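Both chains are sitting in their own frames, so use the hints and assemble them into the complex.
Each chain is listed here by its residues.
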Amino acid sequence: MDVLGHLTLGFSVILQWPNPGYCFLGVLVGTLIGVLPGLGPVTTIALLLPSTYYLNDTSAIIMLSGVYYGAMYGGSTTSILVNIPGETSSIVTCLDGHKMALQGRAGAALGISAFGSLIGGSISVAGLMIGAGLLAQAALRFGPPEYFALVFMSFSLLIYLSSGSPLKATIMALVGVFLGTIGTDFITGEPRFTYGSLTIMDGIGLVPVIMGVFGIAEVLVNLEGEVKRTVIKPPKFKNLLPNLRDWRDSIAPIFRGTFIGFFLGLLPGGGAIMASFASYAVEKKISKHPEKFGHGAIEGVAGPETANNSAVAACYVPLVSFGIPANVVMALILGALMIHGIRPGPTFIADNPNLFWGVVASMYAGNAMLLVLNLPLIAVWVRLLAIPYSILFPLILLFCVIGVYTIHNNIWELVIMTIFGFIGYMMRKFKYEGAPFAFALVLTPVMENSLRQSLLMSEGSFGIFFSRPIACTLMVAGIILFSLPAVHLLKQRAFGGQIRKDQRL
Amino acid sequence: MEKRRKLGILVVAVFCMMICGFSFASAQSKFPEKYIEVVVPLSPGGGGDLSFIPFKDRVGKALGQPLVVTHKPGAGGVVGTTFVSKAKADGYTLLFANKGGLISAPLLKKGIGYSMADFTPICLLTRSPSIVHVKWDDYQSLQDFIKAAKTKTMKYATYGALSVSHMNVLWLEKHAGFHAVHIPSGGAGEANVALLGGHVDMTCETSAGKLIGPGKIRAVALSSPKRWDLYPDVPTFAELGFPALKGDPFSAMYSLWAPKGTPKEIIDKIYGAFKKVIDENGEEIAKEIRNAELNLDFQGPKELGEVAQEEYGFLKKMYEEMGVTPK
Chain A
1 MDVLGHLTLG
11 FSVILQWPNP
21 GYCFLGVLVG
31 TLIGVLPGLG
41 PVTTIALLLP
51 STYYLNDTSA
61 IIMLSGVYYG
71 AMYGGSTTSI
81 LVNIPGETSS
91 IVTCLDGHKM
101 ALQGRAGAAL
111 GISAFGSLIG
121 GSISVAGLMI
131 GAGLLAQAAL
141 RFGPPEYFAL
151 VFMSFSLLIY
161 LSSGSPLKAT
171 IMALVGVFLG
181 TIGTDFITGE
191 PRFTYGSLTI
201 MDGIGLVPVI
211 MGVFGIAEVL
221 VNLEGEVKRT
231 VIKPPKFKNL
241 LPNLRDWRDS
251 IAPIFRGTFI
261 GFFLGLLPGG
271 GAIMASFASY
281 AVEKKISKHP
291 EKFGHGAIEG
301 VAGPETANNS
311 AVAACYVPLV
321 SFGIPANVVM
331 ALILGALMIH
341 GIRPGPTFIA
351 DNPNLFWGVV
361 ASMYAGNAML
371 LVLNLPLIAV
381 WVRLLAIPYS
391 ILFPLILLFC
401 VIGVYTIHNN
411 IWELVIMTIF
421 GFIGYMMRKF
431 KYEGAPFAFA
441 LVLTPVMENS
451 LRQSLLMSEG
461 SFGIFFSRPI
471 ACTLMVAGII
481 LFSLPAVHLL
491 KQRAFGGQIR
501 KDQRL
Chain B
1001 MEKRRKLGIL
1011 VVAVFCMMIC
1021 GFSFASAQSK
1031 FPEKYIEVVV
1041 PLSPGGGGDL
1051 SFIPFKDRVG
1061 KALGQPLVVT
1071 HKPGAGGVVG
1081 TTFVSKAKAD
1091 GYTLLFANKG
1101 GLISAPLLKK
1111 GIGYSMADFT
1121 PICLLTRSPS
1131 IVHVKWDDYQ
1141 SLQDFIKAAK
1151 TKTMKYATYG
1161 ALSVSHMNVL
1171 WLEKHAGFHA
1181 VHIPSGGAGE
1191 ANVALLGGHV
1201 DMTCETSAGK
1211 LIGPGKIRAV
1221 ALSSPKRWDL
1231 YPDVPTFAEL
1241 GFPALKGDPF
1251 SAMYSLWAPK
1261 GTPKEIIDKI
1271 YGAFKKVIDE
1281 NGEEIAKEIR
1291 NAELNLDFQG
1301 PKELGEVAQE
1311 EYGFLKKMYE
1321 EMGVTPK
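Heads up: the protein sequence lines correspond to chains A and B, in order. When we follow the working numbering, the leftmost residue of the first sequence carries the number 1, and every step to the right adds one. When we follow the working numbering, the leftmost residue of the second sequence carries the number 1001, and every step to the right adds one.
If we strip away everything but chain B, and leave its shape as in the complex, we get (with noise of 0.2 Å):
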C-alpha cells in the first residue's frame, strides 16, 4: 500500500508539473507553440469557409502549427466577431471577418460592444463582387431593366434588410433614377431562387453560379471595378455609367484580424506565412477560389486596414443618407 501511494503521489505530481509546464510557455519567444484558433463568425459551410479552406492547410504547415477553424455564428457576423474582440492578444486566437460582422454591424447596431478600432489587420483572402441577376429572358442588360423599372413596379430580393447588398440596389437607383420594392430573403442562396421562380425581377448578390443560363438567370452587371475573369461578358458598374468607386465597397470581403494589441512581430509572422503560401502556390489556390465562384484578392495589413477604413466611411455616408441610425 506505501509503494502504490508513492507511486500515485509521484504521478500526480509530475501531472501537476506538465500541466504549470504548458501554462509557463511564453507567447512570443517562439510563436506559434501550439495550434492558432481561427474563429469564423459564420455558420459552416459557407463562402468564409470556402475562402479559407484553400489557405489553412498552407499556412498552418508554413507556420510550423495547425490552423483550427472554430464556428461561432450568430447575429450576422456579431458573435463571433465579439468573441475574439474580447480574446487574449497573444495571436494564439484570430477573426476571420465578414465584412456583416466587423464593418456594418458597429454601423447598425447599438451596444455592440465592439468596433473595428478593437482589431488589427493581417491580411485581406477574398473580395468577389456583387452581381446584379435578372431572368434571362425577360432582359437583356441592366439598361433594359432600369428603363422598365421606371414604368412599372418593380421587386428585387436581397439577402437582409439592410445588407450590403440592399445598399448596393439603393446605390443603384439612386444614381440610376428608378425605385423599385425591396424583399428580404433569407440567406444568400434564397433570393436568387426567388429569382427563378419568377417571384421577383432583379436580385444584387452574390454569384448564381449554375443558376445561369438560357432560360433561368443572367447576370447582368458586377460592382467591382474590373471585369471578372469568371463572368467575362458582364459590364461593371463604371462601364454602364455609374460613379467610380475606389476598391469594392459592395463586395463580399474575407479578411484576417487579429484583437487589438497583438504584438506586431506576431502579426508579421502569420503574414509572412500567408504571403510565402500565395508566392508558392499562388496559381493553385486561385483555381480553388475560383470554383467556390469567389475572388482572390490578396493585400496585406496596411493595404487591408485602408480597404477596411474606405468601406466603413463608404457605408457610413451611405446609412446616415438613408437616416438609419443603430438600434
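Chain A on its own, in the form it takes in the complex (with noise of 0.2 Å):
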C-alpha cells in the first residue's frame, strides 16, 4: 500500500493550477456560508452542483468539499459569538464557546476551535488514505439494529448536552422526540399529524426549528435587554488566541474528538451529526470538573469542533468504497460526480486515482488555508461583537430569513421558524434547553426507522439487539449509560451523603 506515493501524486495534482484556485474558492465560500446562521452546505452545494458540469471532474470535488469543510469552520464562528449555530453541527458550541465570548475569551474559542479542526480534519483524512477498504467493510456491519442501538445510547448521552435540570432536559428530548414523529410514516407511508400540508409531509424541517429555538430567541431574549449596547466589551489583542493554558486544557479533548468525529462519521445516515454533541457529552463525562461545562470550558468547544471536521472525511468512506451517500452532503457529491460520468463503488480508488488522491491532497491542502484564513479574521469577527446591538440583530433575523427560505423556497418554513421563535424564547425563560430537544429531533426519524426495520427483519422479536455482537455491544453500554446517573444517586443515598446541589432535579 504505497501511500507516499499517492500522497505524492495527490499532490501534484492539487499544486495545477486550476486546482488551488477552486480549493480556496470553496473552503472561502464553505467559511461564509458557515458563518451565516441558516445557510449551509447542503443548500451551498446545491445550488453550485449545475456550475460544477463545466469543471473537470477533479476541480468540481475539491470545490465542492472545500465548501463542505470550511462550512465546519465558519459555523463555530456565529456559534461563539452570538450564540446562533451555524451549522447543525454547531449547536453544541454554543453552549461553551458563547460563554468564553462572554467572559472575553472570544478569541481563545475562535482560535482553538480553528486549531482543532486543522487537527481533526489532517488526522481524519489519514484515516481516509488508510483505512477507506476496511473501515467500509466494518461500516457495512451496521444494519437497522445496530444503528438503533447506536441512537439509543446516543440518546442516553443527550442528558449530558444541559447543564440545567436532568428532568427537564428529559422533557425537551421527549418533546423533540414528538416532533421529530410528525411526517409521512416511512415503513407504511401513511401521513402523520400532517394534517394534509404538504409542508411538513417530510417531516418538520431541522433548520426552521434550529433557526427558530437558537436564531429567534436569542435575538428575542437579548432584546429585553439595552438594545444599544454591543454583546460584549471589545478585548484586548492578546486575548486574541488561546494561551497555553487552554492549550493544555483542550490537547486531549482534540485527540478524542478527533476519534469519534472519525467513527461516526463513518456510519451512514446521521453519523457526523451525533460526532459534535456526542463529544461534548463524552468530555462533561470524564472530566474532572464538570459543572464547569455550559459556563464557558474551553473543553466543551475544542472536542465537538473538532469532530465535527473530523467526520467530514470520514463521510468519505462510504463513498469512495461502495458508492453510498453518508448524507446529504455526500448525496449532492455523488450527484456531481455521477454528472461527470463517475459511478463510485468499490473499485474507486483504483479507477480514478488522480481524482480520489487529489482530493485527499485537496483536504489537507484546504485545511491549511482554511487555518490562514481563520486566524487573522479572528480580531475581525471579535470586532462583530462591538457592534450596537441595535445594528447587529435585525442582520442576524435577516440573514436567518434568508437562511431558512433557501432551501425550500417555501415561505411557511418561516411560519415554522418562527413560530418555533416563539416557542424557543419561552424555552429560555422557563429555563428549558435547546440542546437535547435539537438532537432529539434529529435522532427521532433514525431510531424510529431503524427500530422498525429491526422488528421488520427479526419478525417481532427483541431479541435481535443482543445476538448481534456489534448491536448488543451498543445496547448494553446505553443500558449502563442510562442507568449511571441513578445508580449514583441511590450510592450516594445509601452512604448517606448529602446531594449535591447540581443532582437535584
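No lab work stands behind these hints: they were computed from the structure. Mixed in with the good hints there might be a few duds.
To be verified - Not everything, but these chain A residues come out facing chain B in the computed CB check (under 8 Å):
#: 1; residue: R141
#: 2; residue: L198
#: 3; residue: D202
#: 4; residue: L206
#: 5; residue: P346
#: 6; residue: S461
#: 7; residue: I464
Claimed, not checked - Taking CB as the label site, the calculated pair distances span:
#: 8; chain 1: B; residue 1: G1111; chain 2: A; residue 2: I419; range: 19 to 25 Å
#: 9; chain 1: B; residue 1: G1213; chain 2: A; residue 2: L244; range: 51 to 57 Å
#: 10; chain 1: B; residue 1: K1275; chain 2: A; residue 2: V3; range: 26 to 32 Å
#: 11; chain 1: A; residue 1: L174; chain 2: B; residue 2: Q1143; range: 46 to 52 Å
#: 12; chain 1: B; residue 1: A1161; chain 2: A; residue 2: K429; range: 54 to 60 Å
#: 13; chain 1: A; residue 1: A477; chain 2: B; residue 2: G1282; range: 56 to 62 Å
#: 14; chain 1: A; residue 1: I130; chain 2: B; residue 2: K1269; range: 54 to 60 Å
#: 15; chain 1: A; residue 1: P353; chain 2: B; residue 2: K1317; range: 50 to 56 Å
If you're wondering where the values come from, they're calculated on a predicted model, not measured in any experiment. Virtual Cβ for every residue (Gly too), placed ideally from N, Cα, C.
This is the structure we're talking about:
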C-alpha cells in the first residue's frame, strides 16, 4: 500500500492550476456560508452543483469538498460570538463557546476551534487514506439493529448536553422525539400529524426549527435588555489567541474528538451529526470538573469542533468504497460525480487515482488554507461583537430568514421558524434547554426507522438487538449510561451523603 | 440640482419603460423569448438530473433559449409537481416528472390538488427497468431465490413503502406464490447497501452498478419487456414465466410535461427541439445515459400520454387489489 506515492500523486494534482484556485474558492465560500446562520453546505453545494458541470471532475469535487469542511470551520464562529449555531453540528459549540465569548475569551474559543478543526481534519484524512477499504467493510456491518443501538446509546448521552435540570432536559428530549415523528411514516407511507400540509409532509424541517429555537429566540431574549449595548466589550489583543493553559486543557479533547468524529462520521445516515454532541457528552463525562461545562469550559469547544471536522473526511469512506452517500452532502457530491460520468463503487479509488488522491491532498491543503484564513479573521469577527446590538440583530434576523427560505423556497418554513422562535423564547424564560430538543428531533427518525426495520427483520423479536455482537455491545453501553445517574444517586443515598446541589431534579 | 433631478427622472422613466417592455412580450408570437424553467421535483444529483443533463444544453441551443433547472424536492415529488400544476400554461414552466409525483401520488395521497389530467405530455426521456438483486454467493437465479423463499422467510428491501419498487415485489410474490417480509429503506441506494451488508436477502430497485460482482451482489431479473444491453445476461420477468406486461410499469420513468392548456404550437416546438437533438446526437446521448445506468427511451407526446395512462391504470388496479386507499 504505497500511501506516500499516492499522496505525492495527490499533491501533484492539487498543485496544478486551476485546482488550488478552486480549493481556495471552495473553502472561502464554505467559511462564509458556515458563518451565516441558516445557510448551510447542503443548500450551497446544491446551488453550485450545476455549475460544476463545466469544470473537470477533480476541480469540481475539490471545490465542493472545500465548501463542506469550510462550512464546519465557519459554523463555530456565529455559535461562539452570538450564540446562534451556523450549522446543526455547531449547536453544541454555542453551549460553552458563547459563554467564553461573554467572558472576553472569544478569541481563545475561535482559535482553539480553528486549530482543533485543522488537527481533526488532517488526522481523519489520514484515516481516510489508509483505511478506506477496511473501514467501509466495518461500516457495512451496521444494519438497522446496530443503528438503533447506536442511537439508543446517543439518547443516553443527551442528558449530558444540558447544564441545568436533568428533568427538564429529558422533557425537552421527549418533545423533540414527538416532533421527530411528524411527517410521512417511513414504513407504511401514511402521513402522521401533517394535517394535509405539504410543507411538513417530509417532517418538520430541522433548519427552520433550529433557526427559530436558537436564532430568533436568542434575539428575542437579548432584546429584553438594553438594545444599544454591545454583546461584549472589545477584548485586548493578547486575548485573541488561546494561551498555554487553554492548549493544555484542550489537547486531549481534541484527540478524543478526532476519533469520535471519525468513527461516527463513517456511519451512513446522520453519524456526523452525532459526532459533535457525542464528543461534548464524553468530555463532560470524563472531565474532572463537569460543573464548568455550560459556563465556558474550553474542552466543550475543542472536542466538538474537532469532532465535526473529523467527521467530514470520514463521510467520504462509504462513498469511495461503495458509492453510498453517508449524508445529504455526500449525496450531492455523489450527484456531482455522476454528472461527470463517474459512478463510484468498490473500485473507485483504483479507477480514479488522480481524482481520489487529488481530493485527499486538497483536504490537507484546504484545512491549511482555512487556518490561514480564519486566524487573522478572528480579530475581525471579534470586532463584530462591538457593533451595537440595535444594528446587529436585524442583520441576524435577516440572515436567518434568508437561510431558511433558500432551502426550499417555501414561505411556510418561515412561519415554522417564527413559531419556534416564540417557543424557544418561552423555553429560555422557563430554563428549558434547546440542545437536547434539537438532537432528539434529529435522531428520532433514525431511531424509529431503525427500530421498526429491525423488528421487521426479526419478525417482532427484540432479541435481535442482543444477538448481534455490535448491536449488543452498544445496547449494553446505552443501558449502563442510562442507569448511571440513578445508580450514582442511590449510592450516595445509601452512604448517607448529602445530595449535591447540581444533582437535584 | 435642476439638471441632476431631470437626469434622475429620465433614468427612472427609462427604467420603467424597460420593465414594461419585458412584461408586454407576447408569449406565443416567437416562443421562446426568454429562458425556460424546468422543475425537477427531486433533490439534485439523482436519476432525474442524470436523465435530463444530456439534453439540457443541446435542447437549449436548438430552441435558442437556455433551459434552467430548478429543484423542488419534497414528498416524493409532490411538491415540485404541485408547483408546475399551478404555473402559467405559457410554456415557460415545465415539469420533469418522476413517476412517484405524477402517477403514484394522486393514487396514494388525499388532497393533493392535482392529477395527471392537469398536465400535457411533451416527451418521454428515460425508462429504466427495475432490477431484482440477490447476494452473489447465495443464489444463482430468481428461481433459486423463490424456491428458498417458499421454505423460509426472506427479507427484501425497496426504496419505500408503497413505492413502485415495493409494488414490483408484491407482483412477483403474487405470481410466483411466495411471501417475504418487506423492509423499507431510505432511498434508492440504501436498499442495495443493506443487501451488500447481508441485512436483507433481496432487493428490487434501480441498478446497483458497481456493487455487482463476485462476492457482492448479483442481478437476477429485469422488469422490462426486452433484455437490457447493460446487463446482457440477466433475463426479464417475461422470460422467467411471469405474465408479459405492456410496457414496463415497474420502471423508473422520467418524462417532460407542461401545465394543461399550454398551446399545442408550443408543445410541438419543444418536442421538435428534443427530437432534433435526438436525431443529431442520439448516439452520444445514449452513451451518456447508459453511463448513468439509465435507459434512453425517447417517445413523443402521444405515446407518452398513452404510456402514462396505462401505467396509471395498472398501478390503480394493484393498489385496489391490495386495499390501499388515498390517505
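Hint check:
1. R141: holds, 6 Å
2. L198: holds, 6 Å
3. D202: With a closest approach of 6 Å, the D202/A hint holds.
4. L206: violated, 14 Å
5. P346: Status holds, d = 6 Å.
6. S461: Violated, about 12 Å.
7. I464: Violated, about 11 Å.
8. G1111/B <-> I419/A: 19 to 25 Å: holds, 22 Å
9. G1213/B <-> L244/A: 51 to 57 Å: The hint (51 to 57 Å, Cβ to Cβ) holds, given that G1213/B and L244/A are roughly 55 Å apart.
10. K1275/B <-> V3/A: 26 to 32 Å: violated, 52 Å
11. L174/A <-> Q1143/B: 46 to 52 Å: Since the Cβ atoms of L174/A and Q1143/B sit about 50 Å apart, the hinted range of 46 to 52 Å holds.
12. A1161/B <-> K429/A: 54 to 60 Å: violated, 41 Å
13. A477/A <-> G1282/B: 56 to 62 Å: holds, 58 Å
14. I130/A <-> K1269/B: 54 to 60 Å: holds, 56 Å
15. P353/A <-> K1317/B: 50 to 56 Å: holds, 51 Å
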